[in-house]
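So you can see what is in the structure, the chains are spelled out below.
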Amino acid sequence: MKWDVIVKWLPKLLEGAYLTLELVAIAVLVGLLIAIPMGMARASRHWYVRALPFSYIFFFRGTPLLLQLFLVYYGLAQFDAIRQGPLWPYLRDPYWCALIAMTMHTAAYIAEIIRGAIQAVPPGEVEAARSLGMSRAQTMWHIILPRAARIGLPAYSNEVILMLKASSLASTITLLELTGMARTIIARTYLPVEIFFAAGLFYLVMTFILVQVFRWLERKLRVDALQGR
Amino acid sequence: MKKYKKILLVAAASLSFATASFAVEKLKIGTEGAYPPFNLIDSSGEVVGFDLDIAKALCEKMKVECSVVISDWDGIIPALNAKKFDFLAASMSITEERLQAVDFTDPYYTNGLQFIAPKSSDFKVDKDSLKGKVIGAQRATIAGNWLEDNLGKAIDIKLYDTNENAYLDLASGRLDGVLADKFVNWEWLKSDAGASYEFKGEPVFDNDKIGIALRKGNDELRERLNTALKEIVADGTYKTINDKYFPFNVY
Chain A
649 MKWDVIVKWL
659 PKLLEGAYLT
669 LELVAIAVLV
679 GLLIAIPMGM
689 ARASRHWYVR
699 ALPFSYIFFF
709 RGTPLLLQLF
719 LVYYGLAQFD
729 AIRQGPLWPY
739 LRDPYWCALI
749 AMTMHTAAYI
759 AEIIRGAIQA
769 VPPGEVEAAR
779 SLGMSRAQTM
789 WHIILPRAAR
799 IGLPAYSNEV
809 ILMLKASSLA
819 STITLLELTG
829 MARTIIARTY
839 LPVEIFFAAG
849 LFYLVMTFIL
859 VQVFRWLERK
869 LRVDALQGR
Chain B
501 MKKYKKILLV
511 AAASLSFATA
521 SFAVEKLKIG
531 TEGAYPPFNL
541 IDSSGEVVGF
551 DLDIAKALCE
561 KMKVECSVVI
571 SDWDGIIPAL
581 NAKKFDFLAA
591 SMSITEERLQ
601 AVDFTDPYYT
611 NGLQFIAPKS
621 SDFKVDKDSL
631 KGKVIGAQRA
641 TIAGNWLEDN
651 LGKAIDIKLY
661 DTNENAYLDL
671 ASGRLDGVLA
681 DKFVNWEWLK
691 SDAGASYEFK
701 GEPVFDNDKI
711 GIALRKGNDE
721 LRERLNTALK
731 EIVADGTYKT
741 INDKYFPFNV
751 Y
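Protein sequences, first through last, are from chains A and B. Here the working numbering is used: the first residue of the first sequence is 649, the next is one more, and so on. Here the working numbering is used: the first residue of the second sequence is 501, the next is one more, and so on.
These are calculated hints, taken from the structure and not from any lab test. One should not assume that every hint holds.
30 Å max Cα-Cα, derived DSBU-like pairs, lysine-lysine [to be verified]:
#, chain 1, residue 1, chain 2, residue 2
1, B, Lys633, B, Lys700
2, B, Lys633, A, Lys656
3, B, Lys561, B, Lys709
4, B, Lys631, A, Lys656
5, A, Lys656, B, Lys690
6, B, Lys653, A, Lys656
7, A, Lys650, B, Lys739
All chains should be modelled from the sequences, with the hints used to inform the complete structure.
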C-alpha cells in the first residue's frame, strides 16, 4: 500500500465525496416530497387512484438505475425536439440528468415504503379517529400520516443508504462524484487498490454519519415506543 | 465390473494421449472491444478489429493457441496484472506512466491525437480559442491526460467510459469537440453518425507509439512477440491487415 498516494489525492476525493452527498441529499429529499402523495394514492381503496402510481412504481422498480440514467442522459438527447426544447439547458447537463434519474428512481421506492407504512397503521386507531368525528382528510393528516412516518422511518433510512451507494453510477455519465473521481485518479496512478480503498473509507464514513443522524431522528420521534400495537 | 474398468482405462489412456499430442500452449489476449476499427464486437458477438488481427497473426507465428478476453478500458491494466490475460492488444499507447505498471513490446503502429468538431463550427485548436469549450475524451487514455496536462482548467473536460459514448455526446451537442486517436476519429467520421463532423487543426500530438502490454518481467513472451512482429512485417502479413482497415500505412 502506498499511503502517500492516498494523502496526495485526498483533496480530490473530498471534492468527489461532496458531490456524492449533494446528489444523494437532493434526490432523497425531493424524492420524499414526490413519494408522499404517490404513496397515499397507492394505498387508496379505489383502483383508478392506485393505477397511475402503480405503473410508475412498477417501471422504476422494475428497471435498473443505470438504464434509467442512460435513458435520461443519452436517450433523451437523441430527439431533436428535446434538443431544441426549453428543457435542454438542464438536460444537457449531466448533473441535472443524474438528479432527475436518481430522484425518480428513489421516489418509487419511497412511495412503496409509505404505502406499506400507511397500511400498517392499526385500523383501530383509524376507526377511533373517525368515530370521534374526524373527517377522512383530518384522519389522514392528524392520525395516519404521523403514525406512518414513524413506521416507515427505518425503511426510509435504509433507502437513503442504498441511494448513497447507487449514486456511484453517476460516474458513467461523466460526473466526477466519489467513484468517478476515484476512477479518474486511478487512470493517472494505476493504483486501483489504494484509491478504491480510500474511496471505500469515504463511503463507510458517510454511511456511519447517516446512520447516526437517523438513529437520533428515531429517538426524537420516539419510533421505538410507538412500534407496539 | 471388469469390463467397465477396461473401458475406463482405455478411455483414460486415449484421453491422456489426446492431450499429449495436442498440447499447444494457450495464451489469452486482453482487449476492450469498444474501439473501432481497432477492437470492436461485431454483430455476431465476436471481438474483431485491427488489434485482434495483428494479435492473432502473432499467435500463429508463435504457434500458440489464443483466446480473447474483454475488459473495461479503465480497469484493463489492473486486470492484466491480476493475470486475467497474458498480453494486451488494445491499442495502448506506450507512456512513461504505464511503463511503471507494465512492460511493452515494440510498437505495432503509430498514432496521433486530433480534435474533431462539427463542420459548421469555428473550432481552432490553439489554447486561447479552446478556452471555455467543453471537450470530451475517453477516461484513462492519453487523450484525456493530454487535455488535463495541456489545457487543464481552461476548458471543461468530460471523461467517458468508452470513446463511443463521447461521440454520442458530440452528436447530441453536449460537447464542442472530441479529442481522440486520429485513426479512431477517422473511422467515426466515415460513418453516418459522423457525417457532419470533421478534423480540426493539425494533430496536437504525433508519434504516439502503440504497443502490446505485458506483465512486468515477462521478458520471454515479450521477445517472442517482438520476433513474431518482425516476421509479420517482413512477410507482408502486416500489410495485408493494414490494407484491410486503412488506405494508408499506420506502422
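Results of checking the hints against the structure:
1. B:Lys633 to B:Lys700: 14 Å, holds
2. B:Lys633 to A:Lys656: 29 Å, holds
3. B:Lys561 to B:Lys709: 22 Å, holds
4. B:Lys631 to A:Lys656: Holds - the C-alpha atoms of Lys656 (chain A) and Lys631 (chain B) are around 28 Å apart, at most 30 Å.
5. A:Lys656 to B:Lys690: Violated, at about 43 Å.
6. B:Lys653 to A:Lys656: Holds - the C-alpha atoms of Lys656 (chain A) and Lys653 (chain B) are around 19 Å apart, at most 30 Å.
7. A:Lys650 to B:Lys739: 45 Å, violated
Checked against the numbered hints listed earlier, the structure breaks hints 5 and 7; every other hint is satisfied.
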